[in-house]
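Asker: One line per chain: the protein sequences are A and B, in this order.
With the working numbering as the guide, the letters of the first sequence map in order to residues 1 to 355.
With the working numbering as the guide, the letters of the second sequence map in order to residues 356 to 973.
Don't read these hints as lab results, they were simulated from the structure.
There may be inaccurate statements among the hints.
Chain A stretches covered by chain B per the calculated footprint, using a threshold of three residues with CB under 8 Å from any CB of chain B [stated by the list, open to error]:
{"no.": "1", "region": "127 to 139"}
{"no.": "2", "region": "144 to 156"}
{"no.": "3", "region": "162 to 173"}
{"no.": "4", "region": "210 to 224"}
Computed far set for chain B versus chain A, every beta-carbon distance over 12 Å [said to hold, decoys possible]:
{"no.": "5", "residue": "R526"}
{"no.": "6", "residue": "A590"}
{"no.": "7", "residue": "A950"}
A quick note: this is a predicted structure, and the numbers were derived from the prediction, not measured.
Note that CB positions come from ideal geometry on N, CA and C, so glycine has one too.
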Amino acid sequence: MAAGRRERRRGQPGRRGFSGVPAKTRSVFAGWDPSSPVAGRSDSGPGFAGDAGGAGTGWHPSGGGGLVSLFLASIGFGLVTSSVLAIAAVGFTLQFGVTDVLNLAFGAIMIFGAYVAYLVNQAGGSVWTGLVAAMAASSLVSVLLNAGVYTPFQRRGASPITMVIVSLGMTLIIEFGVQAVSGGTAVSYAMNSGSTFKAGGLILTWVQVVIMILSVLVMVGVHVLLRYTKLGKAMRATAANRTLARNCGIRTSRVITLTWALTGALCGLAGTVFAIDAGSFDATATDLFLVLILAAVFLGGPGQPYGAMLGALVIGLATEVSAVFIPADYKYVVGFVALLVMLGVRPTGLLGQRA
Amino acid sequence: MNQLYLLNLLIYAAVDAMACLGLNQQFGVSGVTNFGFIIFQAAGGYAAAILALPRDTAYGGFQSYAGGWHLPFPVPWIGAAAAGALVALPFTFLFGRRLRGDFAAVGLLVTAVLLNLLVTNYRPFLNGDAGLSLIPQPLQGEYNPQLAGYQWALAAVAIVICLGVYLFVRRVTESPYGRSLRAMRENDVVADSLGKNLLSMRTAMLVTGGAIAGLSGGILVSYITTWSPAAWGYAETVVLFAAVIIGGAGNHLGAILGAILVPVGFEEVTRYIPTSNNLPPNLIPSLEWVAIGLLIVVFLWLRPQGILPERTRVIAAPGLASRARPGGDGAARAGGDGAARAGADGAEGPGGRAAMAGGPPPAAPAGATVLEVAHLVRDFGGVRAVSDVSFGVRSGTLTGLIGPNGAGKSTLLAVLAGTLPASSGRVIYLGQDITPLPAFRRARAGLVRTFQLASEFKRLTVLENLLSAVPGHRGDSLHGAMLGRRYWRADESAAAARAWALLQRFGLAEAANEHAGDLSGGQRRLVEIMRALMAEPRMLLLDEPMAGVHPRLARQIGRELVALCAEGMTILMVEHELAIMDEFCDPVLVMAEGALLAEGNMAELRARQEVVEAYLVG
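With the hints as extra help, turn the sequences into a complete structure.
Answerer: Here it is in structure tokens:
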């Protein structure tokens, strides 16, 4: 009786709230994931102790010869994760730097974008068409989120902590809004991930290569934007000192709106490539990925785009390479430890100067 | 069935109210935004479970866990509270540094997500994802838990404990210690500069809140007999935040109301939504979460103070005898009759200036050096804001500090007060090297600063602002707060008398029980100066105390400061208004581009070419 209510309220396993790791079906390190839809409940499933070396469900290094190739392969996966992470982290950090909002709903909007791409994909479009649609939709939602929620709160002088609470509220609204529509089951894109190929010990699918190329293009694009365009300079000026920028004739409110549009598009892009890379996703799939994004952002220093790129590379590689040595379920711990250490010891980041 | 339903509601309400009270004490009262609150409830739940359960080989070994001590009834609940408190300790490291509140909150949120992941995936410790079940209920050997009487008793005990928690948090919040906690919530840097030990206060709040959360988890587990990671997802913390915000952050009755409205009431409402097979799966639970998010955002916009706002604590003026003072209004009598006035005040009780200027007489005799600065440097990244500054301030002087904008005056003041650490160099105060001391220790030693920007505690009354600065108050510690009003009443009335005397002298007695945030700019400057005086300083560091103040009032402040110095106070004051410097300050220090340019009285300085070029003209 009591347990029944508890279940109704808080105990819906694997559905409400945080549901665990996305099923990384394409990763050889996927391991046994109790919360993934495929693996089933753990009541009957194998525990962690029985998991090591369990044939077919997970892989654990046991031989010396395999370790090197596994290590190389993990670097390949690490680069893919880094690529996805870099897009998200640069978007997040630009958002925070220019607009001063620590937007925890970033992960939720990623999933929103990924789901838009899924709908396009279901309607018969290719996943790449879906990706463009996801960017447009996420960009729109981000602009609306800023104009409708964050800016009014900021105008009223809300404290940073109030802004974080508001963004957490928006996270619930968007994330579970998506779940209300999607029904809460994991979905996958209908796409051909292409043949795998090996290059110098790295084993990658061509889709993963495309993700990496996309990521590099985004990084170059952000660099060009910030260094060589008027908008990019205005963004940097606004980030450094909004009042001063406005007094110098920069239309800061327009710069901020454009920043939300741009970072929103990056968010949709990141969400879709995240979903492609993960294989399948549900509405709460980015809860953990947000930890990696925050780790990358704080490693590089919040508000520092180049720092976020470096942070993404480090965290992505560390996450996947660590999965060679520790059970894959715990690979997120590396990002988490990095984040806590940065917060505790040097919250301005490795490259940051802002106090 | 109806009876069981009611019981269920009562126990959940008691548990949720307890958790909300703990969170309100942290977030609503102390400004410690603990996004990982649910971790502590979870810790309590698991602790109670493994203390009460037999070894994991029991029941055919279908679950595995550490512990399994099979201990009798009160032990699991005590263990739950202890576990919540112990788990809170490591988190103080996030608050140990000068970390932005929102960054610390993110750190806790992330910790909650990750701990849930770890417990979910690691089975041997706490049975992983499946969680623990068949947890023994209290005294189930002696009584039959299935009986209604047993359940009523359990509900009654839960409610009594909840009441106890309410009395505890109320006692803490309504004490002088609670006032310090609220001051920290309003502005932690300023509270630090008034001698409040932020780390100690935050640690105390994390630990006591953690114990309350742990206890609530223990009671819940004893009732539902299961506990698993799905029960404490990070989003559960958000539900509790929603409850506190909606009920009224800072108001403990509001927290209880919020607990009844949000976690309990919300569930009951959705229970009556008809379900239909045509609806997509998970629609109702998903929409519940959407509604929680909406409630938070809408309430923060429309009614940020919540349904039951934090109440204004009105403190009555002491007896009329000490208020009726010869000579009428303080403003009219400001000036040269300081000695006579001090005498009159002394006769009336502890409101006199002698008490105001600091209990013990200054250690340094008149003319001796109180503060000595040697080769002080402060860098910001590549910018050297203060570069190799050396000077001394003699006792009993009102020393001025002038310089063009960006000269480094405010930075120098912040380094002297310990708000910013020095990059190199030394600060000697009363013969002691205080360079490594944090701001609150310097304030306790009598070196107190004010701020250039408005820094009053907005949601404290003017009187509370003043009282918050009183050093050595018996009620200003968790221990003192727990001992109750009788323990600290004498200190409180003495402090209140001093505060009223100050308010009358500066003509703000009328506004004593108004929120400081509602005052005019000039009045707020006064509040800040009075608050600094309440801290019983030996030396004051004033950062533009007269900025934005009416010139007549500025003169009055100036005269008061001179009078204070005549009684042994030492003051270093940054000010832009040269007329003020001419009239009141001697000597005057001139800074430009981070360095000390000149020192002397204003007449000498006006004659010096480089000073005129650096500041007086350009």
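Asker: With reference to the structure, classify each hint as holding or not holding.
Answerer: A quick look at each hint next to the structure:
1. 127 to 139: violated (count 0)
2. 144 to 156: Per the Cβ count (3), the hint holds.
3. 162 to 173: Check passed, 11 qualifying residues.
4. 210 to 224: The restraint on the region 210 to 224 of chain A is violated, since only 0 of its residues have a Cβ under 8 Å from chain B and three are required.
5. R526: holds (26 Å)
6. A590: violated (4 Å)
7. A950: With a cut-off of 12 Å, A950 of chain B remains clear of chain A, as the shortest Cβ separation is near 23 Å.
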